[in-house]
Structures are given as structure tokens and as C-alpha cells.
Amino acid sequence: MKIWDALLGRSTPPAADLDALFAVPQASLSLQAQGFTPTGQGAVCYRRAEGGAFVSTESQIEQLIAMSGSTIEKIDDSYGFRWLSVQQTSADVSGLVTDLHAANTSLADAGFGQSLLCSTMGFTSPDGRTLALVYLFKRGTFYPFVPSDGQHRDNALELQVRGIVDQDIAIEADLSRWLAIWGAPGL
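Residue numbers (my numbering): 17 to 203.
These are calculated hints, taken from the structure and not from any lab test.
A couple of the hints might just be wrong.
Stated by the list, open to error - Now the in silico label distances, taken between C-beta atoms and shown as ranges:
hint, residue 1, residue 2, range
1, S75, S192, 36 to 44 Å
2, L45, A82, 33 to 41 Å
3, A69, H168, 38 to 46 Å
To be verified - Capping the alpha-carbon separation at 20 Å, the derived lysine to aspartate or glutamate pairs in DMTMM-like fashion look like this:
hint, residue 1, residue 2
4, K154, E188
5, K154, D108
6, K154, D35
7, K154, D33
8, K90, E78
9, K154, D190
10, K90, E66
11, K154, D182
C-beta atoms are modelled at their ideal positions from N, C-alpha and C, and glycine is treated no differently.
Produce the entire structure from the sequences given, and follow the hints as far as they go.
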């Protein structure tokens, strides 16, 4: 079947590197050294699927994350994606990453890995603005997203954050892939 796919120009998307999230605690230390504060909130964004297997997987994820002491909330956006928002009782970045990784791995292990869009980890800038480190599953890279007033972004702060964490995490080199995620939980 691979020959037919190649001849017809079809390709299989690469599998997401779910373990890349474990680099975020180091990036968080770099950000904290520059005055940024972790919020303890993160989220996983994915496309919902129909059927009992998907509902069961979501239920198992909720139970697993609740056992860690985190608060979890499901939010559906206007684009048809579901955000699984996780709030830690403290700003423990390692614990948050572990919770998000558990959700991502559970979805992937249940056969829904291609539905994963991104994961976010929230921070507050020294002047009080919220921002997120966004992990793109399909690309295996991160980028900072800083919403500003209304539907605007603070590109200067995004580039500043990129400079702070580029030694810690794989930053998306193509700035056109730094997507705006308006209305994401915690932003």
C-alpha cells in the first residue's frame, strides 16, 4: 500500500513526539529567571470523535488527572475542537506537564493521536500579561503566544520569549505557523 500512497502523493503524518513536553520545566526555569511566573494552568486541544471508545477515553483521562489533585474542565470551541483544561493547585510545572502528557498519551494509545492539535502551558509576564508556550503535535515544535487587547498579539514579547527558551525547547522556525489560539483556556 505504501507504493500506491507514494504514487498518488499521499503521505502519513508523522507521529507526535509526546515526550517533548518534558522539556518545558527547563524552559520554565529560564522564563522564571527573567521574571515570568507559571500559572499552573495548561490545556490539550484535540478534535472530538464519535463513539463509546472516545467517550470512555475522555472519562479515563478525567479520572486520572483528578487523582493528581488537579482540576479539569472540558471546553468546546467554535471551530469544533475540544480543550481539556487542567489547573494545578500550585504552579508546579512538572506536575502540569505530567498531567498534560497523561492526557496526550491516553488519547494516542486509544487510537486518537491524529486528533491532537496542541498543548499549552500558561505563564504570566513580569508586567502581568498572560502567555502560553504552545506545543504543536504535528510539527513537534513550540512557540510562544501572547494575546493582547482584543484580537491582537504582542509580537515583541513573543519574540522575547522565543529568545529566552530557544535553548531549552524546539522552537518552530516558521513564524507563519505561530497560530493565534484566541479563547484558549487560561489566556
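Supplied distance hint 38 to 46 Å, evaluated on CB atoms of A69 and H168: holds, 40 Å
Pair hint K154 and E188, alpha-carbon separation not exceeding 20 Å: holds, 11 Å
Outcome for the supplied range 33 to 41 Å, where the beta carbon pair is L45 and A82: At roughly 28 Å between Cβ atoms, A82 and L45 fall outside 33 to 41 Å, so the hint is violated.
Satisfaction of hint between D182 and K154, Cα-Cα up to 20 Å: holds, 19 Å
20 Å Cα cutoff - pair K154, D108: violated, 26 Å
Restraint status (C-alpha distance of K90 to E66 at most 20 Å): Roughly 16 Å between the alpha carbons, so the hint for K90 and E66 holds.
20 Å limit on alpha-carbon distance, applied to hinted pair K90 and E78: The given pair, whose Cα atoms are some 9 Å apart, holds under the 20 Å limit.
Given pair status - D190, K154, alpha carbons within 20 Å: Holds, at about 14 Å.
Restraint status (C-alpha distance of K154 to D33 at most 20 Å): holds, 9 Å
Distance restraint between K154 and D35, which requires alpha-carbon spacing of 20 Å or less: holds, 13 Å
Satisfaction of the hinted span 36 to 44 Å by the C-beta atoms belonging to S75 and S192: Given about 37 Å between the Cβ atoms, the range holds.
Going down the numbered hints, you'll see the structure goes against 2 and 5, while the others check out.
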